[in-house]
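Novice: Using the hints, position chains G and Y against chain Z.
Chains as they are written, first to last, in my numbering: chain Z, 281 to 595; chain G, 53 to 729; chain Y, 124 to 289.
The set of hints was computed from the structure by calculation and includes no laboratory data.
Sample of chain Y residues at the chain G side, in silico, Cβ under 10 angstroms:
1) V170
2) S202
3) P203
4) R204
5) L223
6) P231
7) S232
Label-pair distances were calculated between CB atoms; the ranges are:
8) Y:S232 to Z:A483: 18 to 28 angstroms
9) Z:R572 to G:G155: 50 to 60 angstroms
10) Y:V189 to G:V598: 42 to 52 angstroms
11) G:P625 to Z:R572: 31 to 41 angstroms
12) Z:E345 to G:D646: 30 to 40 angstroms
Note that the Cβ used here is the ideal one computed from N, Cα and C, for glycine as well.
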Amino acid sequence: MTAAGVLGAVLQVAIVVAGAPLLIGVMRQVRARLEGRAGAGVGQPWRDLRKLAGKEPITPRGTSEVFRAAPVLLVATTLVVAAVVPFLTTRSPLDPVADLVAVVALLTLGTVVLALAGLDTGTAFGGMGASREVTIVALVEPTLLVAIFALSVRVGSTNLGAIVTSTLRDPGRVISPVSLLAAVALLVAIVAETGRLPVDNPATHLELTMVHEAMVLEYAGPDLAMVELASAMRLTVFLGLLATLFAPWGIASGAGVLALLPAVLAFAGKVLLLGVALAAGEVFLAKLRLFRVPELLAGSFVLALLAVAASFFLT
Amino acid sequence: MSLAGTALGLAMAAAAVATLAAVGSPARVRAAAVGASTAIAGAAGLVAGVAAMAGGGAAAVELPGLLPLSGVAFALDPLGGLFLAVVGGVAVAAAVYGIGYAGHGLDGRAVQASFPLFVAAMLLVPAAATVGTFLVCWELMALTSLLLVVAEHRRRAEVAQAGVWYAVMSHLGFVAILVGLLVFAGHAPDDAFGSLRAVAGQLSPAVGGVVFGATLVGFAAKAGIVPLHAWLPRAHPEAPSHVSAAMSAAMVSLGVYGIVRVGFDLLGGLPGGQRWWWLLVMGLGAVSAVYGILQAAVHTDLKRLLGYSTTENMGLVLVGVGAAGTFAAAGRDVLAGLALAAALLHVINHAAFKSLLFLAAGSVLRATGSRDLDELGGLRAGMPATTALFGLGALAASALPPGTAFVSEWLLVQSLVHGLPASGVATAVTMPVAVAAVALTAGLAVATFVKAFGVGFLAKARSPAAAKARESPATMLAGMGAAAAACVALALFPGVVLPSVGRAVAASGAGSADPVVGGAVSMRLVGVAGSLSPLLLATALLVAVVGVVATLRLVANRYARRVAPLWDCGAGPLTARMEYTATSFAEPLLRVFDDVLQPELDVDVTHHRESRYLVEAVEYRRRVPDRVERRLYRPVLAAARWWGEAGRRLATGSVHRYLGYGFYSVTALLIVLAVTR
Amino acid sequence: MVRLWQRIRRIGRVAEPAPERVSLEAGGAPLTKAAAGLAGSVQVRHVDAGSCNGCEIEIGSAFGPVYDVERYGARLVASPRHADALLVTGPVTRNMAEPLRRTYDAVPSPKLVVAVGDCARNCGVFAGAYAVVGAVGDVVPVSVEVPGCPPRPEAIVAAVRELTGR
Numbered sequence: 281m282t283a284a285g286v287l288g289a290v291l292q293v294a295i296v297v298a299g300a301p302l303l304i305g306v307m308r309q310v311r312a313r314l315e316g317r318a319g320a321g322v323g324q325p326w327r328d329l330r331k332l333a334g335k336e337p338i339t340p341r342g343t344s345e346v347f348r349a350a351p352v353l354l355v356a357t358t359l360v361v362a363a364v365v366p367f368l369t370t371r372s373p374l375d376p377v378a379d380l381v382a383v384v385a386l387l388t389l390g391t392v393v394l395a396l397a398g399l400d401t402g403t404a405f406g407g408m409g410a411s412r413e414v415t416i417v418a419l420v421e422p423t424l425l426v427a428i429f430a431l432s433v434r435v436g437s438t439n440l441g442a443i444v445t446s447t448l449r450d451p452g453r454v455i456s457p458v459s460l461l462a463a464v465a466l467l468v469a470i471v472a473e474t475g476r477l478p479v480d481n482p483a484t485h486l487e488l489t490m491v492h493e494a495m496v497l498e499y500a501g502p503d504l505a506m507v508e509l510a511s512a513m514r515l516t517v518f519l520g521l522l523a524t525l526f527a528p529w530g531i532a533s534g535a536g537v538l539a540l541l542p543a544v545l546a547f548a549g550k551v552l553l554l555g556v557a558l559a560a561g562e563v564f565l566a567k568l569r570l571f572r573v574p575e576l577l578a579g580s581f582v583l584a585l586l587a588v589a590a591s592f593f594l595t
Numbered sequence: 053m054s055l056a057g058t059a060l061g062l063a064m065a066a067a068a069v070a071t072l073a074a075v076g077s078p079a080r081v082r083a084a085a086v087g088a089s090t091a092i093a094g095a096a097g098l099v100a101g102v103a104a105m106a107g108g109g110a111a112a113v114e115l116p117g118l119l120p121l122s123g124v125a126f127a128l129d130p131l132g133g134l135f136l137a138v139v140g141g142v143a144v145a146a147a148v149y150g151i152g153y154a155g156h157g158l159d160g161r162a163v164q165a166s167f168p169l170f171v172a173a174m175l176l177v178p179a180a181a182t183v184g185t186f187l188v189c190w191e192l193m194a195l196t197s198l199l200l201v202v203a204e205h206r207r208r209a210e211v212a213q214a215g216v217w218y219a220v221m222s223h224l225g226f227v228a229i230l231v232g233l234l235v236f237a238g239h240a241p242d243d244a245f246g247s248l249r250a251v252a253g254q255l256s257p258a259v260g261g262v263v264f265g266a267t268l269v270g271f272a273a274k275a276g277i278v279p280l281h282a283w284l285p286r287a288h289p290e291a292p293s294h295v296s297a298a299m300s301a302a303m304v305s306l307g308v309y310g311i312v313r314v315g316f317d318l319l320g321g322l323p324g325g326q327r328w329w330w331l332l333v334m335g336l337g338a339v340s341a342v343y344g345i346l347q348a349a350v351h352t353d354l355k356r357l358l359g360y361s362t363t364e365n366m367g368l369v370l371v372g373v374g375a376a377g378t379f380a381a382a383g384r385d386v387l388a389g390l391a392l393a394a395a396l397l398h399v400i401n402h403a404a405f406k407s408l409l410f411l412a413a414g415s416v417l418r419a420t421g422s423r424d425l426d427e428l429g430g431l432r433a434g435m436p437a438t439t440a441l442f443g444l445g446a447l448a449a450s451a452l453p454p455g456t457a458f459v460s461e462w463l464l465v466q467s468l469v470h471g472l473p474a475s476g477v478a479t480a481v482t483m484p485v486a487v488a489a490v491a492l493t494a495g496l497a498v499a500t501f502v503k504a505f506g507v508g509f510l511a512k513a514r515s516p517a518a519a520k521a522r523e524s525p526a527t528m529l530a531g532m533g534a535a536a537a538a539c540v541a542l543a544l545f546p547g548v549v550l551p552s553v554g555r556a557v558a559a560s561g562a563g564s565a566d567p568v569v570g571g572a573v574s575m576r577l578v579g580v581a582g583s584l585s586p587l588l589l590a591t592a593l594l595v596a597v598v599g600v601v602a603t604l605r606l607v608a609n610r611y612a613r614r615v616a617p618l619w620d621c622g623a624g625p626l627t628a629r630m631e632y633t634a635t636s637f638a639e640p641l642l643r644v645f646d647d648v649l650q651p652e653l654d655v656d657v658t659h660h661r662e663s664r665y666l667v668e669a670v671e672y673r674r675r676v677p678d679r680v681e682r683r684l685y686r687p688v689l690a691a692a693r694w695w696g697e698a699g700r701r702l703a704t705g706s707v708h709r710y711l712g713y714g715f716y717s718v719t720a721l722l723i724v725l726a727v728t729r
Numbered sequence: 124m125v126r127l128w129q130r131i132r133r134i135g136r137v138a139e140p141a142p143e144r145v146s147l148e149a150g151g152a153p154l155t156k157a158a159a160g161l162a163g164s165v166q167v168r169h170v171d172a173g174s175c176n177g178c179e180i181e182i183g184s185a186f187g188p189v190y191d192v193e194r195y196g197a198r199l200v201a202s203p204r205h206a207d208a209l210l211v212t213g214p215v216t217r218n219m220a221e222p223l224r225r226t227y228d229a230v231p232s233p234k235l236v237v238a239v240g241d242c243a244r245n246c247g248v249f250a251g252a253y254a255v256v257g258a259v260g261d262v263v264p265v266s267v268e269v270p271g272c273p274p275r276p277e278a279i280v281a282a283v284r285e286l287t288g289r
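Same shape as in the complex, but just chain Z (with noise of 0.2 angstroms):
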């Protein structure tokens, strides 16, 4: 617990918050960029976001608890995330909770959350939605957590700050077989979480090809907000989490408050870089059919449990 490691969470939950809206306006800038249009520009989403708390907040009328606090216990989910995984620093005052497994579960209950508050709106397209989802973070999970443990096994530890430090390290393991199996695993995986194409369109106006969306349709204003912002800060934490397992150079390991500078930017650029590539690659997807999903997320937890015996058998 030192003065650089609360400041470096701090500051990581500071930037991820006002960075996650520029994020998403980036990759819509990109977007619509290459579809030849000229886009709304990078400040959009904050825009959206600074009308959207001006507005009347308005509660359904036989909708629960569950639906008021849906919102904000995503971000409070989001934020706990954000101030944990070691994206500047891997002094984190909040180390004991640094856990890779703790940290996919604090994102899963963040949309079981919203799930349920879809569920609770008693709607056909909120339980459409709320089930659409839960089925795609049930395949999800196996990738996930043989991805962690593929990454955990020459660490010898789940502990983010451990996996961070022993990649500083140890630099030419990124290149290895298990590496980069395992960042593609999580890749397809992490687009399967944060709703991008191929497996959900967050642009969509047609309610049967939706899955996020389709809870959140009855949220207004400030709720509206909440769960825009929660959905952009989810994306910014994934694609961090990725390039800090990936490519954690630039994190600052020792006390000093000087390297958390470098770090930011370090940090900035990696996850504007992955955004960037993202919305790129979108452009030449289209979505799948949601019974083609589990074809996709089967095939991503094929490659995480090849990651899995490459880190046995190229030892």
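Specialist: Just chains G and Y, lined up with the frame of chain Z:
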């Protein structure tokens, strides 16, 4: 006598008082008297278990006169103490709950008397110190629970069938355990567990395998492991809810107790070659976990869903036990201790949240008369306390932080993950598959409990019965509250029970003592790198929630909150029929896993009298059968029937023939004995 | 995928440059106060109250790559709860009167209504028909009107720019 022995004696006395109260007291106070005395018995059992886990030195009691030929002997060591504490705790919650629940037509003398006897038998099983005592207590437990399962047989027809399944399977399991333990005891001077332990080193691997295999069959059947699980989803829905809670939370754990006791403790001295046992246990556990939760995910009967979830959790426990055995056989004591600690902690956690879930389900059943999730919904309005408690139980069961099962599943994953480096090829293949199975189970458990809670309790009521639901009486809420308090305590402060679990692990002989160091705030693994602080996680979440709410108050306060009708696309009022049901919620999962589940579809089209092109009615029926039952049990039952009918041909009705059978078989036996001796 | 990439490179930008801002005559409630609260971000929900779909094609064109009204901060949404402005086309038929009112009620405040096309403004060629209840302004309060049958995409873009202020 030690505290443990005194407390156990007190528990027996309280159970005896309860039985007498059940038989003797007038109907008005019967339920309350029995419930209170049984709760005292349970509390005393809990104290005895905790004392046994804490204190060094086993307490022992021998009563040679009680049973002819062998007498009974009881001894408490930390391993038995853990299960004793689990049974005691569950009994307290179930007994208090039963006071309010008994008004359901369940306050007949026989039913009320069976419950304290059931609790007493369950308390004695972990304390048994000889084979004879163990078998007697096991059978007593099975008989009393059978009486309780069929308690409502006059009201519903399915209860009798469930009772038959339960009786047959528990007695077949009993026979298997009997065979295994008697083969073992046959090689020892007497049937005390101490003698069995001493003689284990001299058994041949074949005999050891037979003993382990037979006892595994019996104990796995009791624990609800695939393929011997068929009684569980039948018996648990039909039993009264507090009995279901006691059976699901306490009785099935005794199956695990048996496997650990026989496999690790009694057969621990067996030299080498046992790895295949534990891989078999792990395999059975993984299959049960995935199959159980898959069935739970697609069923809409709430108590059947919870029964299948018990199969899943016992499967996870067996994965941990199997992993512990595999590590112990490879000489890696630290990991073996960790895996067994994870399994035992999961037994405790499962007892807490499963009893809460079953009691809440019983509350719903009592208020609405229905267990079918497709008919429930909207219970938040009429039953807010039950809804909150079930929500807590669902969080606890779904292995999400800050829930209860998350802690034990984290420990289990840690033990499996650390098992890979520097081990054999067998482990290299099984550990990733085990991790994948645990992960798939966790994901499906999330889906199942979102379905159970979201469809059953939230949104609008789907039937008039659900719309008229009212909250349960105070005793039922108190029972649920006790279980909920245990869930919360175990979720946030696992460090409190971890030292005791460590002592139980050491007593079983599987691994080193204290595989996990539990502080007040966080748990730290010993010997391998890993630590987790559930309390810190929960606190961080709370702080974040407070922060978000405060920011909202500051930032978003221009308009007051409006209550508006649901957005129905402008077309008209939304009815309850437009809500998603549990069947529709599980439909994508059913489609993804249809090779495993193989749903049966029946479509009956009635055409119009006048023309085949007009349809008058369509009847659509879909059910998900238990595939293991279909594929495995039906052939076995068919073979048994064929065998019986073949045997009928021997029973011609002629007395001469029967006398001839007796004469010839005795003669043959005498000849065989004369030749072989 | 390579062919798609080559196509993207070849075609480049499709969106036409942004025209000068022309202020429309605001019909009904004062525009600037409500629009100011939106500050450059407007989520729009389209409601077809009985149109022939001619205006829909023009709206689709306005949100397409050539006119690209999204660059001014507008976005189409699926649920009125997510919307700030309703884009209503067509004369209001009997069957759509109540749904239109309910859609308007479902939108959180501050809310605006844009009546697109002559039918929405004054029933156009369907004035007096037996299935028509009236113009959009007779059912919900209208903030902006866009004349034309159908209005050109540039007119729709100009109207939306009134809302976003960009």
